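Chains as they are written, first to last, in numbering that gives the first Met the number 0: chain U, 0 to 285; chain Y, 0 to 67; chain F, 0 to 384.
Calculated directly from the structure, the hints in this document are not laboratory data.
What you were told as hints is all true, and nothing was included just to trick you.
With a Cα cut of at most 27 Å, we get these calculated BS3-like pairs of lysine-lysine:
#1 Lys16(U) <-> Lys6(Y)
#2 Lys5(F) <-> Lys279(U)
#3 Lys285(U) <-> Lys5(F)
#4 Lys330(F) <-> Lys354(F)
#5 Lys26(U) <-> Lys72(U)
#6 Lys354(F) <-> Lys333(F)
#7 Lys333(F) <-> Lys384(F)
#8 Lys330(F) <-> Lys384(F)
#9 Lys72(U) <-> Lys201(U)
#10 Lys188(U) <-> Lys22(Y)
#11 Lys241(U) <-> Lys254(U)
#12 Lys33(Y) <-> Lys72(U)
#13 Lys64(Y) <-> Lys16(U)
#14 Lys241(U) <-> Lys169(U)
#15 Lys26(U) <-> Lys192(U)
#16 Lys65(Y) <-> Lys192(U)
#17 Lys26(U) <-> Lys195(U)
#18 Lys6(Y) <-> Lys227(U)
#19 Lys7(F) <-> Lys285(U)
#20 Lys201(U) <-> Lys188(U)
#21 Lys254(U) <-> Lys195(U)
#22 Lys299(F) <-> Lys332(F)
#23 Lys72(U) <-> Lys6(Y)
#24 Lys64(Y) <-> Lys192(U)
#25 Lys65(Y) <-> Lys16(U)
#26 Lys188(U) <-> Lys65(Y)
#27 Lys249(F) <-> Lys72(U)
#28 Lys332(F) <-> Lys354(F)
#29 Lys198(F) <-> Lys72(U)
#30 Lys241(U) <-> Lys227(U)
#31 Lys196(U) <-> Lys254(U)
#32 Lys64(Y) <-> Lys227(U)
#33 Lys26(U) <-> Lys249(F)
#34 Lys254(U) <-> Lys192(U)
#35 Lys33(Y) <-> Lys249(F)
#36 Lys72(U) <-> Lys195(U)
#37 Lys26(U) <-> Lys33(Y)
Predicted, not measured: the structure shown is a model, and the values here were computed from it.
Okay, here's what each chain looks like letter by letter:
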Amino acid sequence: MKTQEDMAGLMHPLAAKYLRPERLPHKACPGCGIGHVVHCTLNVCEELDLTPDNTVWVQGVGCSSRISYTLWKGDNIDAHHGRIFTVATGMKMSRPDLNFICFTGDGDCASIGGNHFLHACRRNLDVTALMFNNSIYGMTGGQVAPTSPVGAKTQTTPYGNLEDPMDTCKVAVAAGASYVARWRSTDFKQLTKSIKKGIQTKGLSFIEVLVPCPTQFGRYVLGITDAKEIVQWYNDNAVTMKKAEKMSPDELQGKFLLGEFAHNEDRTGIVERYWDAVNKIQEGRK
Amino acid sequence: MEIRINKEFCKGCGYCIEYCPQKVYELSDELNGKGYRVPCVARPDDCVDCGLCELYCPEFAIVLKKTA
Amino acid sequence: MSKAIKRKDFVQGDEAIAEGAIAAGCRYFAGYPITPASEISECLARRLPEVGGVAMQMEDELASIHSIGGASVAGMKALTVSSGPGISLKLEGLGWGIKNELPYVVVDVQRAGPSNGVATRVAQGDLYTVKYGSAGGNNSIIALSPKSVQEAFDLTIECFNLAETFRTPVFLLADETVGHTRELLEIPEDSEIELVERKKPDVPPEEFHMYPFDTPEAINYPFPNIGDGYGICVSPYTHTSRGYATEGMKDQDRMVQRIVRKVTAHQDMLTRCEEELMDDAEYAIIAYGCEARPSLEAAKMARAAGIKAGFMRPIFIWPFPDEPIFKIASKVKKILVPELNRDGQFSREVTRAAKGQAEVYHLGSGGVETHLPEEIFEEFKRVIK
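Chain U on its own, in the form it takes in the complex (with noise of 0.2 Å):
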């Protein structure tokens, strides 16, 4: 049995900068895509001096939440299940100098969280959220999303999905967001250019990851358990933008659309306004 001694030498390095060593390996299953992100995640930390200081982990409930909660070496706050982005306006609010990013899944975003989703962006609050997307409740056992594919056999749609899927990169930009983007974890480069970027925006953020699920989505949905395989599966069924310009209704039916589909970056949000707001009223009242 190794010891965290012996380990040490093994350890990558940002690994050692960010994370805690007594929580790793991380909980995620052989395969799943959310250590992608949360490298990814890291990389962008190096990049903009994000450190333990000044920036908090935000968590929701479902494997999104489970796997990063404490692995991060500064704060991490892991609110009730689709409540994420209400607990980070509450924190945000109070401490608009620290940075928040919310690592969230498709249930804990689109379904139970669909509210506090729609108004977190409406609001534009200043925060990064990530959103996991294994198009299933994962945790749980493998329960139909509201980001399920038609047809899909899972543990709740025995018969079929017989619901059409949410576009949540949709929701976020009619709903106000600043930045929304959406990658597969293995698109390191654009992933970790749209995280920066999702950073650097004042607003919201709303970066969707498509997250390889070998344990439920690829097994109940798919009927693969090789992750390569479902890799590649995100592979045939993802295309870009410039690609999907080309294609009609019919071919894009099921496909996901990656590449970037918001970035406003003159819209103001809550918290810039609200203190704004408050700085006048106090002026006034001299």
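Model the placement of chains Y and F on the given structure of chain U, informed by the hints.
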């Protein structure tokens, strides 16, 4: 590039083996403490320092160090 | 000794609660419109920016309570308000506050129920909801109930102080009558108001335990916030003393013991009642909140009629005042408990606390209006026969 594998972190997903463009990695016969079959560096001289394996590994189990 | 007064005003209870929060140092409010609590939100929306605080109307009741949890974690004294149906929605968020030992205050301005009931009219149906409503039990809820506008102000401040002392959500269990009645409010000078401020750890992060399971009865325990450099871990799941998720039986038991015992071990600090005419009383009328003043009037009417009636009102409703009630029950023959519900919530607790020393009678009502003193007196005469 010096390649070190933190075998105890490995969960045997096979990404490094599959996605290394130079096929540097192979599945070994070794099992780690959790029972996963871990990869080994079969062709270290073929490594072109692309760093993809480090990114593809979801577990921070591959540690690369650029040699002089 | 009377306090130096900063301001006198003729306001409704809701506004007194808002001013109490400001005086207590509350600088984060989140709420959702709901009768009869909306006036608190409206007052704070106006007043908090004046004092450099945050007032948010959130998208729903859940967002309100979860965001005040976030604000608490970020270092703010935080408040949310609602009424029955909104409190039902907040119960999940309350759990997060209880288990992570977050100080904040929730005001329930009770109204007629169940469900939406009569939005604009009074009742007292939430006694158990505020204490036992949040899933899983094992909670540290403290609840105080005001009878007047002045008390609504004073007890709100006390709620904030208790929240910081015990690191727990605290309820102000008010009601529509107190909330909407207008009376004189005297706001003391700031220097006259004693406040409890949050303690920070005096040990380095690696030595600090966010949740003191080794000293479950500790109060005034430090609460580092985000950005303090302590790497705090807060989550809805059962956790270790450092906040790491755990599923062990021992860990679960240690965690719930801490949450429960930090309150039960300090019953003496959390018991306060008002008694009148009790010295030689042979019968007692016990009521709280809006029912208190008509009940006292009824006791006086009984005295005028030559009956040795006394009156008692608990100010701390939770933890329940078992000892004072047992003392009264040991002295008197019968106790009448007027309350605005028909399932006898308060009288059930009084019966339990009385331990058979006196007969306890429930005078119920669906609400909408409080009992009149005459109604209480009539029932009182009937039960003492």
